[in-house]
Every structure is written in structure tokens, then in C-alpha cells.
Amino acid sequence: MKIKKYGFFIIIISVLILIGTVLFFLTKEEKIKLKIPFITPKEIVVELYFSSKDAMYLVKEEHRIPASDNNLEHAKEIINELIQGPESKDLFPTIPEGTQIRELYFHKNTAYVDFSSELVKNHPGGSSAEIHTIFSIVNTLTSNFPKIKYVQILVEGREIDTIGGHIDTTLPFKQNLSLIQQKRVESRE
Amino acid sequence: MRVLISSILILSLLSIFYLEANANSVITVIDNIHHRRISLEYITKDGEELLSLSDIAKVFKAVSQWNPITKKIVLTKGKDFITFNIGSALVQVNNQTVLMDMPAELVTGRVFIPVKFVKDKFPQAFNVIVSWDKINKKLTIDNKEFNPPVSLTNTPTVEEYFPLSSTGTEEPEEKLQHGTKTPFIISGTITEKFKIKTIIIDPGHGGKDPGAVGKHGILEKDVVLAMAKRLAQLLINRLKDVKILLTRDSDYFVPLRERTGFANYKKGDLFISIHANAAFSSYASGFEVYYLSPESDEKARALAAVENKVLDLEEEKIPSKEIDYTQLILGGLAQQEFIDESIELAGIIQNTVCERLQLEDRGIKSAFFWVIKDAMMPAVLIETGFISNPYEAEKLNSEDFKDKMAQAICEAIVEYKSLYEQKLEVNNNED
Numbered sequence: 001m002k003i004k005k006y007g008f009f010i011i012i013i014s015v016l017i018l019i020g021t022v023l024f025f026l027t028k029e030e031k032i033k034l035k036i037p038f039i040t041p042k043e044i045v046v047e048l049y050f051s052s053k054d055a056m057y058l059v060k061e062e063h064r065i066p067a068s069d070n071n072l073e074h075a076k077e078i079i080n081e082l083i084q085g086p087e088s089k090d091l092f093p094t095i096p097e098g099t100q101i102r103e104l105y106f107h108k109n110t111a112y113v114d115f116s117s118e119l120v121k122n123h124p125g126g127s128s129a130e131i132h133t134i135f136s137i138v139n140t141l142t143s144n145f146p147k148i149k150y151v152q153i154l155v156e157g158r159e160i161d162t163i164g165g166h167i168d169t170t171l172p173f174k175q176n177l178s179l180i181q182q183k184r185v186e187s188r189e
Numbered sequence: 001m002r003v004l005i006s007s008i009l010i011l012s013l014l015s016i017f018y019l020e021a022n023a024n025s026v027i028t029v030i031d032n033i034h035h036r037r038i039s040l041e042y043i044t045k046d047g048e049e050l051l052s053l054s055d056i057a058k059v060f061k062a063v064s065q066w067n068p069i070t071k072k073i074v075l076t077k078g079k080d081f082i083t084f085n086i087g088s089a090l091v092q093v094n095n096q097t098v099l100m101d102m103p104a105e106l107v108t109g110r111v112f113i114p115v116k117f118v119k120d121k122f123p124q125a126f127n128v129i130v131s132w133d134k135i136n137k138k139l140t141i142d143n144k145e146f147n148p149p150v151s152l153t154n155t156p157t158v159e160e161y162f163p164l165s166s167t168g169t170e171e172p173e174e175k176l177q178h179g180t181k182t183p184f185i186i187s188g189t190i191t192e193k194f195k196i197k198t199i200i201i202d203p204g205h206g207g208k209d210p211g212a213v214g215k216h217g218i219l220e221k222d223v224v225l226a227m228a229k230r231l232a233q234l235l236i237n238r239l240k241d242v243k244i245l246l247t248r249d250s251d252y253f254v255p256l257r258e259r260t261g262f263a264n265y266k267k268g269d270l271f272i273s274i275h276a277n278a279a280f281s282s283y284a285s286g287f288e289v290y291y292l293s294p295e296s297d298e299k300a301r302a303l304a305a306v307e308n309k310v311l312d313l314e315e316e317k318i319p320s321k322e323i324d325y326t327q328l329i330l331g332g333l334a335q336q337e338f339i340d341e342s343i344e345l346a347g348i349i350q351n352t353v354c355e356r357l358q359l360e361d362r363g364i365k366s367a368f369f370w371v372i373k374d375a376m377m378p379a380v381l382i383e384t385g386f387i388s389n390p391y392e393a394e395k396l397n398s399e400d401f402k403d404k405m406a407q408a409i410c411e412a413i414v415e416y417k418s419l420y421e422q423k424l425e426v427n428n429n430e431d
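Heads up: the sequence lines are chains A and B, in that order.
Numbered per the numbering used here, the first sequence spans residues 1 to 189.
Numbered per the numbering used here, the second sequence spans residues 1 to 431.
Hints were generated in silico from the structure; no laboratory data involved.
Treat the hints with caution; some may be incorrect.
What the hints assert, rightly or not - Sample of chain A residues at the chain B side, in silico, Cβ under 8 Å:
1) M56
2) Y57
3) S88
4) S127
5) S128
To be verified - Reference listing, derived: stretches of chain B covered by chain A, where coverage requires no fewer than 3 residues with Cβ under 8 Å from a Cβ of chain A:
6) 236-247
7) 363-370
8) 395-406
As the list claims (entries may be wrong) - Cross-link-like lysine-lysine pairs, in silico, DSS-like; alpha carbons within 25 Å at most:
9) K215(B) <-> K89(A)
10) K121(A) <-> K77(B)
11) K365(B) <-> K60(A)
12) K119(B) <-> K79(B)
13) K58(B) <-> K77(B)
14) K76(A) <-> K60(A)
15) K77(B) <-> K197(B)
16) K53(A) <-> K365(B)
17) K365(B) <-> K174(A)
18) K208(B) <-> K195(B)
19) K215(B) <-> K53(A)
20) K208(B) <-> K229(B)
21) K149(A) <-> K365(B)
22) K77(B) <-> K53(A)
23) K121(A) <-> K119(B)
No residue lacks a Cβ here, since even glycine has one placed at the ideal position from N, Cα and C.
Let the hints inform the model, and build the full structure from the sequences given.
Structure follows, in C-alpha cells:
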């Protein structure tokens with residue numbers, strides 16, 4: 001009987017010790033994880049997609065941008081960098097001049113990006129340009145944020161029918177890999 | 001002795017059930033328009049009663065026609081039509097796409113659809129009143145113009161018009177004959193029905209929307225209007241029995257939705273949208289033809305949208321009636337039924353034009369185009385050249401190039417038409 005009683009206490013104590021150890025290591029791990037991407041480095045490499053010279057493909061170009069500990073701020077910075085255009089002379093921008101990002105938010109697996117009216121007003125038109133504008137935004141966000149599967153483009157806070165009169169932009173878009181050329185243009189820094 | 005009695009009792013009970021089951025295997029159609037009663041055999045699937053389309057056509061006195069290439073059955077009554085796609089739940093009711101609870105099913109050479117769909121959608125399509133009594137298996141059809149009398153005392157019920165007791169031998173009953181083969185007899189005249197008879201030409205942009213703008217102020221809307229008008233004239237000369245319609249014939253604005261709406265309303269058999277391209281790079285050049293992106297992509301997009309809306313509903317507790325799910329799912333899916341024909345048409349135009357005009361071949365491509373997505377006919381969008389490229393802009397603006405472009409597209413359409421109609425003949429003769 002006595003042995004059984006002691007045994008019971010031993011089990012409880014060892015379980016408590018086990019839980020304590022596990023919790024200790026778990027929380028410690030998390031602290032380390034949080035430090036790596038956002039606090040230690042001041043700059044971070046992001047993937048951006050620009051138009052090829054012949055407008056047949058989107059080409060990946062890596063840029064270094066200041067790191068941010070806020071995902072939404074980070075995403076906004078990435079889109080701002082996309083608006084600035086490519087560094088390589090062989091690549092072409094995909095966002096019309098004067099366009100600004102107004103707001104960006106995530107809901108479930110969809111990113112909503114709200115642009116100023118210049119996205120439509122200053123767009124050159126043409127199916128090729130329109131497809132490249134849409135999918136440079138969509139592919140850039142989906143490749144930097146793997147949890148984001150869809151991107152909804154908004155202008156001045158609203159869903160729009162179309163950017164240039166060709167493609168339906170009322171629904172969110174999925175990543176389009178067939179447009180991407182498998183050629184790497186390295187950052188010039 | 002007890003065993004014998006009880007087994008007899010059980011047997012007799014079983015036979016009653018059997019008889020009842022047998023008696024229930026027909027649906028009684030009470031047709032108050034033509035004053036007749038019709039018994040139709042039905043089948044059940046997932047608790048739904050299904051009737052064959054050929055029977056339904058006879059009940060509504062509609063003409064049913066079968067297109068062996070597109071696997072479509074069209075029920076036509078006067079100006080109204082309903083199009084069913086075998087193996088698909090998508091149905092076109094006049095110019096609207098709707099969804100059935102289950103796909104149109106092919107059983108022993110006959111196509112079956114749910115009675116529920118007849119009740120829900122036929123009234124709107126054929127301008128009648130349909131009511132369905134699921135328990136007694138009674139389908140009643142009434143005229144929409146029929147006004148019920150104010151006094152109900154002298155109004156005979158349906159039962160009085162058509163006594164449904166099993167004793168009546170002189171009921172005005174018609175039994176429809178079922179053939180064992182497919183009931184859609186394909187004759188020469190029906191092949192005629194599916195020939196290409198109307199072609200819609202859609203010059204892009206117009207009016208307040210100039211489209212892409214090139215050097216020296218060359219405008220896409222002007223270039224494509226000129227090409228489209230020439231193409232229309234060439235087609236009128238080449239295909240004498242085909243109606244050629246333009247979505248705009250001068251410089252005015254036509255909203256995107258109205259272009260496809262017009263094409264569907266005019267029951268177009270081909271939709272050709274003419275555009276000029278632009279890119280951020282002024283070096284881009286060449287010719288390309290677009291069709292609608294594959295179904296998987298667009299379905300995923302539409303479903304993602306629905307999914308998010310559903311989640312929003314849960315969170316914000318909006319009454320569910322405010323969102324029309326079928327509209328979201330069907331947005332852009334009408335064209336999916338014609339995607340194979342559209343790809344073939346795009347390929348023929350791409351090859352013919354690039355070869356004849358010695359243009360840079362950028363290939364056929366797909367995207368989610370406004371003017372294509374809701375087209376209930378094979379549909380393509382042609383990007384004739386880059387107005388953003390100074391050299392190509394000048395070329396696009398020249399009379400000679402516009403003529404040659406129109407001629408080459410005309411040749412391609414004529415070739416597609418003859419290939420399509422040959423296939424129609426072959427399929428016809430095989431059946």
C-alpha cells in the first residue's frame with residue numbers, strides 16, 4: 001500500500017517536471033525564432049517580379065529592403081519597392097507612374113492591396129501590360145508570404161471591374177507561375 | 001399451421017408493398033394548358049426524382065435538339081430555349097446561366113434531369129406555372145395568364161377534371177412511347193441548326209475609352225474599329241448565309257458587360273474581339289490570340305471568393321439571403337463549356353495571321369477576359385500588334401496592314417467554320 005501511494009506521487013512529480021522542461025524549451029525556442037528574421041538583420045532580401053524586355057514574361061529580381069517586425073508594414077514596403085521599379089536595365093516596371101499604395105491588409109489566405117487611382121488612370125492599356133501589372137503584384141506577394149494564396153486588387157478602397165478594359169479584377173487572383181521566366185537577375189548591391 | 005398463416009400474411013403484405021412501389025414508379029403530369037394527363041416513368045437518384053429530357057420536351061411541346069460535338073441538348077419553344085450539357089450541372093436558360101442540383105445524367109441513351117429543376121426554372125423559361133407534389137408524384141402545369149376565379153364554389157378541382165382513381169378507363173391519358181435508343185434523332189435539319197450562322201465582331205474600346213495610345217497620338221480604338229469593319233465586310237462577301245454583327249460601328253463607348261450581352265442576345269455562334277496591344281517596354285512586338293483561362297484556375301478563384309464570403313457571414317452575421325452564391329460560382333463559367341472550340345479557333349487565327357503577315361508569333365495565351373468569360377459561344381480576343389512599340393504603331397496605322405490583317409483573320413474564320421461543320425457532319429453520320 002505504501003509503495004503504491006509513493007508511486008502515485010512520483011508519477012505526478014515527474015509529469016510536472018516534464019511539462020516544466022518542455023514549456024521552458026518551447027518558450028526559449030520561440031524567443032530565438034523571433035530574433036532571427038526581424039531583429040538581428042537590418043535588411044532583408046525580397047523577391048520582386050518585373051516585366052521582361054519583350055513583355056513575354058515576368059522575371060524575378062531580388063532587392064534588399066529594411067526589415068520590419070510587422071508583416072503588414074513589411075508587405076507594404078515590398079509593394080513600394082515594386083512600384084519603384086527594377087534595378088536591371090533589361091527589365092521594365094509593371095506599375096504605372098505616380099501610383100501609390102494606400103492600404104494593405106490580410107484576411108485569411110487573401111491579401112487586399114489598395115492602390116491610388118493612378119493605377120488605372122496612368123495605365124498604358126493593352127492585354128500584355130494589364131496581365132503584367134496584375135501578376136507582378138500577385139506573384140510578388142504570394143512568393144514573399146507563402147501563407148497568402150490569393151490577392152485582391154483594390155483602387156481607392158474599392159473593388160474595380162478592370163484596370164485597362166480587358167481583365168476582370170472583381171475577384172482575387174491566384175499565383176501565376178506560367179508567366180515567370182526561370183532566369184535570375186541578381187541584386188546589384 | 002401458425003407458421004403457414006403468418007407466412008401468408010407476410011407474403012400478402014409484401015405484395016401490397018410491391019404493388020404500391022410499382023404504382024409509384026410513374027409521375028403523373030396534369031397539363032391544364034392542353035387539358036391532358038400524362039404518365040411518365042422516372043428514376044430516382046439521391047432522393048430526387050429524375051425525368052428524361054425527351055419526355056419533358058413532349059410535355060412542354062418544346063423541340064429538343066442534340067449537338068453531338070458540344071454534347072449539348074437544346075429545348076426550344078418559340079423564342080425561348082434551355083440548354084443542357086451532358087455530365088454538367090450548368091444550364092443556360094435563355095441568356096442566363098443557372099446551376100442544377102445534380103448534373104444532367106445519361107442513362108441508357110436517355111438524358112435525365114431532376115423534376116425539381118423543371119419546377120424551379122421552367123416557369124421562367126417557358127412562361128408557365130409549374131407545381132410539384134413530391135408525395136403524390138404529381139406535376140401540374142398551368143398557363144400564366146390563367147386568373148383564378150374570385151368565387152371558389154363552382155370551381156372544379158383538378159381531380160374533377162381528371163379523375164385519378166384507378167377505375168377510370170376513359171381518362172384522357174396519353175402514354176409517351178420510349179425508344180430504346182437515344183431519343184434525339186439527328187437529321188439534316190438539326191445539323192443545320194448548329195451550323196455557324198451568326199458571327200459577332202467586337203472592336204475594342206471606343207468613345208471615352210481610347211484604349212492604348214501610341215506615338216503621334218495613334219489610338220487603339222480607331223485602329224481596331226477600322227480593322228473590324230473591314231473584317232466584317234470581307235466576311236459578308238465570303239459567307240453569304242452568315243449574319244455578321246459588330247458590337248460598335250463607330251466611335252462610341254460600349255460597356256464591357258454589354259458586348260457579351262449583345263453577343264448572347266443575338267445568339268452568336270462565334271465571338272471575335274479585335275484589340276491592339278501595349279506593354280511597359282516599347283520593345284515588345286508581335287501577334288497573340290487569347291482565350292479564357294482554364295476552368296481549374298477560375299473555379300478556384302470564384303470558390304475562394306465564396307469561401308471568404310461564407311467566413312465573413314459567420315463572423316458578421318449577415319442574413320445569408322444577401323449573397324447570391326450561384327452568381328459568384330457561375331461568374332465567368334458560361335464560356336467554360338466552349339473552351340475547346342475557343343482554343344481551336346485561337347490556334348487557327350494565330351497560325352494563319354502569323355504565316356500570312358510574317359509577324360512575330362507570341363503564341364496563344366489565356367487570361368480572365370471580361371468580354372470572353374460570359375460568352376455562350378466560342379470566343380477569342382485578338383491582340384493585332386503593339387501600339388506601344390513605335391515601329392508597330394506606324395504599321396498598325398497603315399491602310400495596307402489593316403487590310404492584310406482583316407483578310408488573314410477572315411481566312412482563319414472561314415477555315416474554322418468549314419472544319420467545325422465537317423466535324424458536325426461526321427458526328428452526324430456516325431450516329
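Query raised in the report: For the pair supplied as a hint, K76(A) and K60(A), is the alpha-carbon distance within the 25 Å limit?
Result: Holds, at roughly 18 Å.
Query raised in the report: Does K365(B) pair with K174(A) here, judged by a C-alpha cut-off of 25 Å?
Result: 17 Å, holds
Report task. Take a quick look at whether K208(B) and K195(B) sit within 25 Å of each other, Cα to Cα. Result -> Given that 25 Å is the threshold and the Cα spacing comes to 37 Å, the pair is violated.
Query raised in the report: Once the shortest beta carbon distance from M56(A) to chain B is found, is it less than 8 Å?
Result: Since the shortest Cβ distance to chain B is 7 Å, the answer is holds.
Requested in this report: Mind checking the alpha carbons of K121(A) and K119(B) for me, to see if they're no more than 25 Å apart?
Outcome: Distance ~48 Å between K121(A) and K119(B) Cα, so the pair is violated.
Report task. Measure nothing beyond the straight line between the CA atoms of K77(B) and K197(B); if it is 25 Å or shorter, mark the hint as holding. Result -> Roughly 19 Å between the alpha carbons, so the hint for K77(B) and K197(B) holds.
Query raised in the report: Is the straight-line distance between the alpha-carbon of K208(B) and that of K229(B) 25 Å or less?
Result: Holds, because 20 Å separates the two Cα atoms, which is no more than 25 Å.
Query raised in the report: Are three or more residues of the region 363-370 of chain B within 8 Å, CB to CB, of chain A?
Result: Three-residue rule met by the region 363-370 of chain B, so holds; n is 4.
Query raised in the report: For the pair supplied as a hint, K365(B) and K60(A), is the alpha-carbon distance within the 25 Å limit?
Result: Within the cut-off at roughly 21 Å; holds.
Query - Coverage of the region 236-247 of chain B by chain A (three or more Cβ within 8 Å) - result: With 0 residues in contact (Cβ-Cβ under 8 Å with chain A), the coverage given for the region 236-247 of chain B is violated.
Query raised in the report: Minimum Cβ distance from S127(A) to chain B below 8 Å?
Result: With a closest approach of 5 Å, the S127(A) hint holds.
Query raised in the report: Given the hinted pair K77(B) and K53(A), is their alpha-carbon gap at most 25 Å?
Result: Given pair K77(B), K53(A) is violated - Cα atoms ~55 Å apart, limit 25 Å.
The structure does not agree with the numbered hints 2, 3, 6, 8, 10, 18, 22, 23 stated previously, though it agrees with the rest.
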